[in-house]
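Asks: Sequence:
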Amino acid sequence: MFAKPVVGRTTAAAEGDVVVLLIGMRINHFWAVHQWLPVLLAMPRMLRELTRDRSRGLLGHVLLTASPRTYYVVQYWESREKLYAYAASPDMFHHRAWAIINRKERAGKVRGHVGLWHETYVAPEGSYESIYADMPPFGLAAAHGALPVEKRGRRAKDRFAHRSA
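In the working numbering, the protein residues as written are 1 to 165.
Take the hints with a grain of salt, since some may be wrong.
Straight-line distance between alpha carbons at most 16 angstroms, and here's what the computed EDC-like set of lysine to aspartate or glutamate pairs gives [unchecked claim]:
1. K82 <-> E49
2. K4 <-> D134
3. K151 <-> E15
4. K157 <-> D134
5. K82 <-> D53
6. K157 <-> E125
7. K82 <-> D17
8. K151 <-> E119
Here are the in silico distance ranges between beta carbons for each label pair [as the list claims (entries may be wrong)]:
9. A32 <-> G126: 39 to 47 angstroms
10. A99 <-> G8: 44 to 52 angstroms
11. K82 <-> R163: 16 to 24 angstroms
12. A107 <-> S164: 45 to 53 angstroms
13. H29 <-> P136: 34 to 42 angstroms
Don't read these hints as lab results, they were simulated from the structure.
A virtual CB, placed ideally from N, CA and C, is assigned to each residue, including glycine.
Could you build the full structure based on these sequences and the hints that come with them?
Replies: Given below as C-alpha cells:
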C-alpha cells in the first residue's frame, strides 16, 4: 500500500454550515457477542449504502475507537435535512436496524449488553476552522476538499473569519 501524498499546510475547503454526526457503540458485556456483533457490523453496512449513493448527502467519514469497548464514526453531511432524510428513509438499512432495536426494547429483550449513542452538530460558517500540516486530506478536508492554508489565512482567527462568496 502506498502512502497518500502530503502537501505542506492546508485547510478544509468547507463553505457555509458544516454538519457533523458522531455515532457509536459501547460494548458493555464482552461475553454477549450475539448482542453486540450485529450492532458493530451494522455501521459498515450503512456506510457502504451511503457511499454507493452520494445523493443521500454523506460527504465523508472517519472510523475511530475510544477504547477496547467503544467504537464510533465521525460523519460529515451536506445538510441536516439530508441526514434526517437518510435516518427516516424506510428503504435504507438504518431504518430497518432501528426498527429491530425498538421491537427488542418494547419486548423487554434489551439487556444493556451494548450501548448506542450519537451527537449531531451544525457548525455555522465562521464557527469552525481547520489546519493540516503535512497531512493527506483528513476529516473535514477529506469531506469538503482541501485548500492551501494561505487561501483562508495562516492564523486560526483568519480562518474563522472566512465567509463564502
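Asks: Compare the structure with each hint and give your call.
Replies: Verification of the supplied hints:
A C-alpha spacing of about 14 angstroms is found between K82 and E49, which places the hinted pair at or below 16 angstroms, so the restraint holds. Distance restraint check for K4 and D134: the Cα-Cα separation of roughly 11 angstroms lies within the 16 angstroms cut-off, and the hinted pair is therefore satisfied. Our distance criterion of 16 angstroms between C-alpha atoms is met by K151 and E15, whose separation comes to about 13 angstroms. For a cut-off of 16 angstroms, the pair hint linking K157 to D134 is broken: about 21 angstroms separates their Cα positions.
Taking the CA atoms of K82 and D53, the gap is near 12 angstroms; set against the 16 angstroms cutoff, the hint holds. The suggested pairing of K157 with E125 holds, with an alpha-carbon distance near 13 angstroms, which does not exceed 16 angstroms. The straight-line distance between the Cα atoms of K82 and D17 is roughly 13 angstroms, inside the 16 angstroms bound, and the hint therefore holds. Only pairs whose Cα atoms come within 16 angstroms are accepted, and K151 paired with E119 is rejected, the gap being roughly 31 angstroms.
Between A32 and G126 the beta carbons are some 45 angstroms apart, a value that agrees with the proposed interval 39 to 47 angstroms. Range check, A99 to G8: about 48 angstroms between beta-carbon atoms, so the 44 to 52 angstroms window is met. Here the CB-CB span from K82 to R163 is close to 23 angstroms, well matched to the stated 16 to 24 angstroms. Taking 45 to 53 angstroms as the suggested C-beta distance range, the pair A107 and S164 conforms, at roughly 49 angstroms.
The hinted window of 34 to 42 angstroms between H29 and P136 holds, with their beta carbons roughly 38 angstroms apart.
Hint compliance for this structure: hints 4, 8 are not met, and every other hint is.
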